[in-house]
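2 protein chains.
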Amino acid sequence: MASSLVRGKYVVCGGEGGGDSRVIEDGAVYQRDGEIVEVGTYQDVRSRYDPDEEIGSSDFMVVPGLVNAHHHVGLTPFQLGALDAPLESWIIARWALRDVDPYLDTLYCAMQMIESGITTVMHNHMMARLPAGEGLYESASRIVQAYDDSGMRVAFSLSHRDQNHLVYENDESFLAGLPSDLSRDVRSYLNARPISLEDYLTVCAELFDRSRSDRTRIFISPHNVHWCSDEMLRAMKEFAVRRGTGVHIHLQETAYQKMYGARHWGKSPLAHLADLDFLGPDVSCAHGVWLTDSDIGILAETGTAVCHNPSSNLRLKSGVAPLNAMLERGVTVAIGIDEAGINDDNDILQEMRLAQKLHRVPGVASASPTSHDILHMATAQGAKVTFFDGEIGRLAPGMRADMVLIGLEGISEPFLHPDTDIVDALVYRGKGSDVDTVIVNGEVLLRGGELTKLDKAAILGRFKESLAQPMSQREIARGELSRRLLPYVQRFFEGWPLEHGAPHYYYNSREL
Amino acid sequence: MASSLVRGKYVVCGGEGGGDSRVIEDGAVYQRDGEIVEVGTYQDVRSRYDPDEEIGSSDFMVVPGLVNAHHHVGLTPFQLGALDAPLESWIIARWALRDVDPYLDTLYCAMQMIESGITTVMHNHMMARLPAGEGLYESASRIVQAYDDSGMRVAFSLSHRDQNHLVYENDESFLAGLPSDLSRDVRSYLNARPISLEDYLTVCAELFDRSRSDRTRIFISPHNVHWCSDEMLRAMKEFAVRRGTGVHIHLQETAYQKMYGARHWGKSPLAHLADLDFLGPDVSCAHGVWLTDSDIGILAETGTAVCHNPSSNLRLKSGVAPLNAMLERGVTVAIGIDEAGINDDNDILQEMRLAQKLHRVPGVASASPTSHDILHMATAQGAKVTFFDGEIGRLAPGMRADMVLIGLEGISEPFLHPDTDIVDALVYRGKGSDVDTVIVNGEVLLRGGELTKLDKAAILGRFKESLAQPMSQREIARGELSRRLLPYVQRFFEGWPLEHGAPHYYYNSREL
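Protein sequence lines correspond, in order, to chains F and Y.
Residue numbers for the first sequence follow this note's numbering, so the first one is 1 and each next one is one higher.
Residue numbers for the second sequence follow this note's numbering, so the first one is 1 and each next one is one higher.
One or more hints might be untrue.
[As the list claims (entries may be wrong)] Simulated coverage check for chain F against chain Y, where a stretch passes if three residues somewhere in it have a Cβ under 8 Å from a Cβ of chain Y: (1) 76-82; (2) 181-187; (3) 290-303; (4) 310-318; (5) 354-368; (6) 411-425; (7) 461-468.
[As the list claims (entries may be wrong)] As a list, the in silico DSBU-like pairs of lysine-lysine whose alpha-carbon atoms are at most 35 Å apart: (8) Y:K431 - Y:K453; (9) Y:K431 - Y:K456; (10) F:K464 - Y:K9; (11) F:K456 - Y:K9; (12) Y:K431 - F:K9; (13) Y:K431 - F:K456; (14) F:K464 - F:K453; (15) F:K456 - Y:K456; (16) F:K9 - Y:K9; (17) Y:K464 - Y:K431; (18) F:K453 - Y:K431; (19) F:K9 - Y:K464; (20) Y:K464 - Y:K453; (21) F:K453 - F:K9; (22) Y:K9 - Y:K431; (23) F:K456 - F:K9; (24) Y:K456 - Y:K9; (25) Y:K453 - Y:K9; (26) Y:K431 - F:K464.
[To be verified] Listing some non-contacts, in silico: residues in chain F with all C-beta distances to chain Y over 12 Å: (27) E53; (28) L87; (29) N164; (30) L481.
I should point out that these hints are in silico values taken from the structure, not numbers from a laboratory.
Where a beta carbon is used, it is the ideal one built from N, C-alpha and C, also for glycine.
Just chain F, with the same shape it has in the complex (with noise of 0.2 Å):
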């Protein structure tokens, strides 16, 4: 480790509690074995330190390292050959995807989003992704070790679930509706892969004990409150209270979701788990979409966090979360992307600026996100939610040295009014190619826009060789029953028409 300056024409330090950043002109950050030492005017900081390098000119504006805050997979559903669909369908048709090396997808992945900028992300493995031959703890540590190996922080967590496994009703009445070969497949198909819920908490034990890093946290997953029995609900957030770590879990992603909470315990799923106990603010919950006013409440009032995910809110044809309401009732929400984001690609400027522009409601009073609070979500929520809170989402000294440089040429060429706020201009125009220099814990992984602790090519080359082998027998049949399964599946939700009151945003009218 060493020293290092890093300086901008802008550096933005990020705030506290949304609303303004603090922005210094020509500013540096002067940062020592991946600590910030001290933040402040180029000159100031220069002449008071002596750094083994410089880093940055006033080209560039300085941001805290951007967080994603929700995030499963490397290659997307769309590029392993699913096409966008609604959630509940979408879910069996990933069956038929192949299978990918979690290693190398996870460098995948981890380039792509160093190179647009994030520091941080909060990463959700789902167990129906688990590689053939290798057990789920293999797996994970795999993944974490790609983390590691690039440089970036994660928390990590497996996400698990006992039951509705095919539709929202538990598996054995579905299966009873098949046609008897179908039911029979696809019997067989979920009892070749089960994992007790005492293997799962066994196994993120492990993880626990021995992936658990400065860089790395290890948290615990229920994969969604209607996929798990409250048995498993209550274990898993005992693990999380034990251990002092997090939970991560979806939310009402979808109206199905919410009419599922309705219909089985006459409240929403989020209000079943208030009732477990089980909220707090060690809990995110990612997407939220289907929350209610009343559920709102009940996430300011236990300090519930949310991942807003709105990329995947479209493309899954789960909605648009009412983040206007939930930032007005001061719950703390991140961004995260999901699986792919909206250009499919794990962009998280991109991100930022779809959940900025999607949530201007109509109404000249309406509220909607400032670029201040968009940036506030895509770090210091985004570090409270992955629990590196206290060390990196602000440039601040004690803090860890996570930072972006980031070109103000494209934001700012061939001109941009010289009152224009630079955490706008960020947000209104910085783009995946604008970013420069990425620094995690004050090592340079990205500069001049290329990996500098990855070998791009390299991975890439070898990522293309293993996928380049022909599928094998067992991705083959789980596919063909996968499309089998698919119209009794759609058939299920169609008799399930859509409940909603009065919604949260009005963007048309049918009516004069």
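Place chain Y on chain F using the hints.
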């Protein structure tokens, strides 16, 4: 002029009526003197012609030139200093923006558009942005000249209005409610630039007679229904009918515009246009966010088209147009980027993608636009609304040779499932940076991502130089007036609580 053979791993010919696009694998297009002579497999076409030049290879896909069906300016309002805001206050905030040279401003956006694969644009020029000391005809003809110099096609119109310049009531009523000094200054500003309907029509006639060419159409454009007297609407429609040209009008962009219709005519602005016999296939309406079910019926019955602008509709808090219902009813819908696009950069591929994702409304059985629908909107439907129908929008013998070569590497590396529909791949993953070659009328405007006909560095240099001039007293005074007026405009619309019935789209819900 000369001949060329344009080759791609895929040649996407485009479709007649949405749905599937005809795709030729290992295809080629042979054009001579700007006209497509043959489209077929590379082997076949190559064997029968002897082109002067061969363009492309199996590293590319070839698609019809893309059409940006609604556009106004080069430098975006954000670049010039106006943040996203509700349309009604944003219009007044724009008074504060500096004037720009219309020729250079147009070349600037023409370069951006060509770089993203746009070959034809509907440019609607707003009169409030006339530079000082220049007449309307001169200013307009310099814009048309810029497109001509760029090699693009343009359907150009000047927009005009004669009422409700400040808010959605007559100017005198609104002025009467302002403090007297503000009222005096605003009245003086409005009176300083009146252009009569007669003058306007004379200029349009002159443009029509002198600037029309094989790459240029001259349209007529009443700005929006509530901004034009019935007399003006009738005169413009009559102009269009007499000259067999198109009419471009903004329509029901915001809820307030719909509400204006209800208050003034007891019906929607579109229904009012129908009463005036204004509608028909010669008319394209920008935005149409607040179209009712009944309005969509009127569009379908009269053959009136809509230009859909998803980014702008979010940025200006207009809402989300009911595209799904329009497509279902067979309304002609094209895509336009309007002032900027979500990334503030005139990237049509990004706009197409947003148009696709935004309309993925919840529900397993809900319809939403396919990639083929989106491509059709950005090609054949764009050709219709710009009056280049039968010349562009598809790759077929007899059509003009307007084509775009898009690199496959970024879209398909490191892996893309071999069964992936190439049109899906384009709409899901294609970026402006993948655009390699752009051809209009057989002439190459972009090659290897570099502009060939325009000298980008020189134009940007001249543009920057012109923008480095200090603002004039006139501009400064206009900005101050805008800032003084804005709170009153805001207050006016706060007095119009949003009225809406059931929305077309339910994206979320406040209730269980």
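Hint by hint, here is what the structure shows:
Evaluation of the coverage hint for the segment 76-82 of chain F: fulfilled, as 4 residues show C-beta separations to chain Y shorter than 8 Å, against a requirement of three. For the segment 181-187 of chain F, the stated coverage by chain Y is violated: 0 residues have a C-beta nearer than 8 Å to a C-beta of that chain, whereas at least 3 were required. Counting residues of the segment 290-303 of chain F whose C-beta lies closer than 8 Å to any C-beta of chain Y gives 5; at least three are required, and the coverage claim holds. Coverage of the segment 310-318 of chain F by chain Y holds. Counting CB-CB distances below 8 Å, 6 residues qualify, and the rule asks for three or more.
Given as covered by chain Y, the segment 354-368 of chain F passes the check, having 11 residues with a CB less than 8 Å from a CB of that chain where 3 are the minimum. Evaluation of the coverage hint for the segment 411-425 of chain F: fulfilled, as 8 residues show C-beta separations to chain Y shorter than 8 Å, against a requirement of three. Counting residues of the segment 461-468 of chain F whose CB lies closer than 8 Å to any CB of chain Y gives 3, so the stated coverage by that chain holds, three being the minimum. For the suggested pair K431 of chain Y and K453 of chain Y, the alpha carbons sit about 22 Å apart, so the restraint of at most 35 Å is met.
As the CA atoms of K431 of chain Y and K456 of chain Y are separated by approximately 20 Å, the hinted pair is consistent with the 35 Å bound. Straight-line distance between C-alpha atoms of K464 of chain F and K9 of chain Y comes to about 20 Å, which keeps the hinted pair within the 35 Å bound. Of the supplied pair hints, the one linking K456 of chain F and K9 of chain Y holds, its CA atoms being roughly 26 Å apart against a limit of 35 Å. Pair hint K431 of chain Y plus K9 of chain F holds up; C-alpha atoms about 29 Å apart against a cutoff of 35 Å.
For the suggested pair K431 of chain Y and K456 of chain F, the alpha carbons sit about 21 Å apart, so the restraint of at most 35 Å is met. With a C-alpha separation of about 20 Å, the suggested pairing of K464 of chain F with K453 of chain F holds against the 35 Å cut-off. Only pairs whose Cα atoms come within 35 Å are accepted, and K456 of chain F paired with K456 of chain Y is accepted, the gap being roughly 32 Å. Straight-line distance between C-alpha atoms of K9 of chain F and K9 of chain Y comes to about 45 Å, which puts the hinted pair past the 35 Å bound.
The hinted pair formed by K464 of chain Y and K431 of chain Y meets the criterion: a straight-line CA distance of about 26 Å does not exceed 35 Å. A distance of roughly 27 Å separates the Cα atoms of K453 of chain F and K431 of chain Y; the hinted pair therefore holds under the 35 Å criterion. About 20 Å separates the Cα atoms of K9 of chain F and K464 of chain Y, which keeps this hinted pair within 35 Å; it holds. At most 35 Å may separate the alpha-carbon atoms for a hinted pair to count; K464 of chain Y and K453 of chain Y meet this at roughly 20 Å.
A threshold of 35 Å between alpha carbons decides the hint, and for K453 of chain F with K9 of chain F the separation of about 26 Å falls inside it, so the pair holds. Restraint check for K9 of chain Y and K431 of chain Y: the C-alpha separation of about 18 Å stays at or below 35 Å, so the hint holds. For the hint pairing K456 of chain F with K9 of chain F, the CA-to-CA distance comes to about 30 Å; that is within 35 Å, so the pair holds. At roughly 30 Å between alpha-carbon atoms, K456 of chain Y and K9 of chain Y fall within 35 Å of each other, so this suggested pair holds.
Restraint check: the Cα-Cα separation between K453 of chain Y and K9 of chain Y comes to about 26 Å, which is no more than 35 Å; the hinted pair holds. Simply put, K431 of chain Y and K464 of chain F have alpha-carbon atoms about 22 Å apart, close enough for the 35 Å limit, and the pair holds. The claim that E53 of chain F is not at the interface with chain Y holds, since no C-beta of that chain comes within 12 Å of its own (minimum 31 Å). Not every CB of chain Y is more than 12 Å from the CB of L87 of chain F (nearest about 9 Å), against its label as outside the interface.
N164 of chain F, annotated as away from the interface, keeps every beta carbon of chain Y farther than 12 Å; the closest lies near 16 Å. Remark: the non-interface label on L481 of chain F is consistent with the geometry, its nearest Cβ contact in chain Y lying 17 Å away (cut-off 12 Å).
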